[in-house]
Amino acid sequence: MLNFFSPTLALLFQEAERSRLGEMIYQTRTAAANPDLSKFLVIGALLFIIGVAGVLTRRNIIVIFMSIELILNAANLNFIAFSRYLSQTGSPNALAGQIFAVFVIVVAAAEAAIGLGIVIALYRNKETIWVDEIDLLKW
Amino acid sequence: MTLSGYEALFFWIFGLAAIFAGLLTVMARNAVHSALFLISSLVSVAALFVLSGAEFIAGVQILVYVGGVMVLFLFVIMLVNVGAEERGRDEIFNNQRQVTASLIFCFLLVGGVLYSVNRGYQGLQARSDQPSAERIAAEQARRDQTYANSGTGSSKITRDSQNIGNSLYRYASLPFEIASVLLLVAIIGSVMLARTLKQEASADDVDPEVLKEEIARDPGLAKIEPQLD
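Those protein sequences? They're chains D and B, same order as listed. First residue of the first sequence? That's 1 in the numbering used here, and the numbers climb one at a time after it. First residue of the second sequence? That's 140 in the numbering used here, and the numbers climb one at a time after it.
Calculated from the structure, these hints are not laboratory results. There could be a bad hint or two in this list.
Claimed, not checked - Each pair of labels, with its calculated beta carbon distance range:
hint: 1; chain 1: D; residue 1: 128; chain 2: B; residue 2: 244; range: 24 to 34 Å
hint: 2; chain 1: D; residue 1: 89; chain 2: B; residue 2: 244; range: 32 to 42 Å
hint: 3; chain 1: B; residue 1: 149; chain 2: D; residue 2: 89; range: 34 to 44 Å
hint: 4; chain 1: B; residue 1: 354; chain 2: D; residue 2: 137; range: 20 to 30 Å
hint: 5; chain 1: B; residue 1: 149; chain 2: D; residue 2: 22; range: 43 to 53 Å
hint: 6; chain 1: D; residue 1: 33; chain 2: B; residue 2: 295; range: 23 to 33 Å
Source: prediction; values computed, not measured. Where is the CB? At the ideal position from N, CA and C, for every residue including glycine.
Only chain D is shown next, with the shape it has when bound in the complex (with noise of 0.2 Å):
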């Protein structure tokens, strides 16, 4: 009885999976071959959680604005992918998510000159980058 069920049982189990398999593969492949707005928004998740790493474990602090800029750029392609999305929809305020990433880049140049300025007066007085060395205010 077993000898005969199993052989059978076993090619059932073969064909749901290699079906449901086939399925995902081919789900994949289609998310893959037309990336709607979850692609951009995982793509711009991605570049801000590096972003975030990169703050939280470099020493130079030259790296880290450079991180914060990622950051800040993440959050302009968000932007932008609601932009587009919205644009398709008909939307009559399509344009927001554009505008405000223009005021994001803005907002991006002030810091990084202020940050800079910061940056070099911080080696003019302690001659040193490394975050974990500036600790004036650790007790």
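Use these hints to put chain B onto chain D, whose structure you have.
Coordinates of chain B only, in the frame set by chain D:
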């Protein structure tokens, strides 16, 4: 919004390039290499902007970020000393415990953010006022009709910059003016911050006690007369 065909191909190329260049920015030992990888990441993101139909923002990104901010970064890297890092003597990451804790935090953040993006997008698609495919196609056709043909006639001329200019001055003129004040503050602030002691002394902007100490260290400072006008 759905990209297909060669747009999808370009999306994956530039998206993956942006992420890998971002990773290399964080992991490069030399700060100059970090800056160059950040430039390539920014250019890739600008290409994604072009794919989403935001040509003006893409141009601004290249001009302001790559042309302005990153050049500033490179100058500052050359001003401060990064020799020890280049020669590979110094540790580039914080101490072990800190790195471990922050990496665990980042992995949690990856999970949380991807989960919420997925859930949020599913919720967005499940909304009842989601436009149908026909409506999106009609919107696209309407836009194609209103856009002028380019010189060769092979493509349409986008009106992105014109639209952004219109809405910037019509709906966001107050933030626009405030942004100009912000930039002015940034210019003055960075000039004030980056002054040397000599420049501060000649502007009579040093605490007398501090100046006395500094003159004891460097007698040349005493010769500088405050230039008041």
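- Item | Violations among the numbered hints | 3, 5
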